[in-house]
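Residues 385 to 1004, numbered by the numbering used here, are exactly what the sequence shown covers, in order.
Hints may contain errors.
To be verified - Straight-line Cα separation of at most 25 Å, BS3-like style, residue types lysine-lysine; simulated pairs:
1. K844 x K937
2. K651 x K520
3. K993 x K907
4. K949 x K651
5. K833 x K844
6. K833 x K851
7. K1003 x K564
8. K839 x K907
9. K537 x K851
10. K843 x K937
11. K490 x K651
Everything labelled a hint here was simulated from the structure, so no lab data went into it. Remember, it's a predicted structure, so these values are computed and weren't measured experimentally.
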Amino acid sequence: MRMGKKIGRMAMSKDRLLDGAWLIVFLLLATRMIGGLLFGSSQVAQPLPLPELRLGEHKALEQYASELIQDEMESNNIVGLSAATIVGDRIVWSNGYGYADLETNKLATPDTVYRVGSISKIPNAIAVLKLNAAGKVDLDAPIKNYIPELKVKSRFSTEPTFTPHQLMTHHSGLPGDIVKGMWRGQPAPFQSVVALLAEEYLAYPPRTIHSYSNLGAGLLGVMLERVSGTEYETVMQESVLKPLGMTNSSYRLQPHIARKLSQGYNKNGQWEEDVAIRDVPAGNLYTSVNDLGKMMIMLLNDGVYGGTEVLPSALVNEMFRAQNDAVLLDGNFKIGYEFFLKNPELAYVGDDFAHSGHMYLFHGNVMGVKKDKIAVVVLANSAGAEERVSIIAEQLLKGAIAVNRGLLPPKAKSVHKVLTPPPGLQEPTSYAGNYGTIIGLLEVEEPRKGEYVAKLEGKKVNLLPDKDGWLRPEYRPWGILPLPIPNLKEMRIAFRTVNGEDVVFVQLGEEVPAVGKRISDYKLPEAWRMRQGVYRTNDEENQLLAIDSLELKVNQQGFLMISMKTDTKDAQLGELVLYPLSDTEALLYALGWRMMETISIRQEADGEKLIFSGISFKKQ
């Protein structure tokens, strides 16, 4: 019998994410990263520096890869890890490190099978594109054409008009998840999300903003079944996995896969029992780095694998082409079909792509450069690898570019890089007002002596006009001289009018996300005012959420705020504005993932309940 902590009410961590998607609590933690960048530390442990590799120095790169991986594993309690590098039409290097199973001393190899979370969405999208190539799926037709019974409540239209195209780029407007029933020992079939969505609202109008959704991948899976006339596993095997020779891959844990499956380990390097997931197309692929390497060979070579066309080159190119250039709220963020594009750290390379995958105990990353036909795959079996797999993949990719192209990364610069706010947008006549953001309430006062003053996280910062079109924040705790905070020095803020609403954009390094919008016509019904207090849940399907309590309170400005606490040392996880729509519904008022989703009130046999993502909370 294995010894280790069973999954029960576990510590809160983003290990349980499918690429950052599952529940509001972590959202509040993750999005407060921006606030942490203002006044706290944003230090991330730096990886082993890449040596000055020269063209053709493949052995030197392999040596660096081994040293890098072993260093990361030792520093982060990573029990087992496998990695591969793909160049052109072959896997030029792959290896395993550590253990797939500590109890049996089973070593990790390139053929060790891992759970890969949201990397599952890539073959899911390939299957959709193959049906499009066959003339069976129109990417721009409403998904309802393929799932007629689909219903989603909407404040923007009466029908769910989003399309397969929008589902693959996460611009459908769907909520991120339906958390209730998402993680459990024996989850309901993923097809059940069709019925569950009838009780949910769209968060945004389609094609308004990128908002990552596992539900969208699930609907694509349902569509694949309906159009193909067979079950999902069969569709994926016949359409993608078998043509690519991915014999160690499956969306269902089959016996020959189970024999090669790695065990999972927590952040202390101890074994833990894994947990199943309902949303199979979004995150339940079992695979190895060698198998994913085969998929990357096909994609890097314009859809051809082993001399056979698996996917037309035009559709492969669409996977790697930015599909959201016209989406103003996305800022400079770019996404193709299930591939995130233009990593600022790889700007010197150009044409890069990536998708990571995160489960509770398993983490991975696929990353590459299309024009160079180079990719890397990194998979790990430990919670401690959650951030590090992407860092390892990025370092390996930089090294592969150096030895195959002779292009070394530029020397790091500490100067602020001047970007422009999203072009073509009108500035409001005044920035003054209150804004709901992913950081919390942002209060901007009328300007004094040409400077605006904003209150953020309880601290006042001065906003000075910068020549590049941004506002530059300064923190003056004593009212005269600014306190030199490095993180704040790198930040810029801009206010722009988008679709008739005043929106807050933030420049963080080389990222320009929309984080919030002006609050107008705010009215707090007495029914919501009376709901102030602490709420708890007894929902058994909330075990993975680790929510200790949820609190509603009215602040001094008269806004209803929501915050959450976990049963861990993380304590309070932020404070967001709730915008009441009626006596029984309110919105998480900000812009970004999991924002503009609905919190509702429902009367049950044992009293009034607060409902979010299917989970019910009762006032204490």
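Each hint, compared with the structure:
no.	hint	result
1	K844 x K937	holds, 22 Å
2	K651 x K520	violated, 45 Å
3	K993 x K907	holds, 22 Å
4	K949 x K651	holds, 21 Å
5	K833 x K844	holds, 16 Å
6	K833 x K851	holds, 17 Å
7	K1003 x K564	holds, 19 Å
8	K839 x K907	holds, 22 Å
9	K537 x K851	violated, 44 Å
10	K843 x K937	holds, 20 Å
11	K490 x K651	holds, 20 Å
Checked against the numbered hints given earlier, this structure breaks hints 2, 9; the rest are met.
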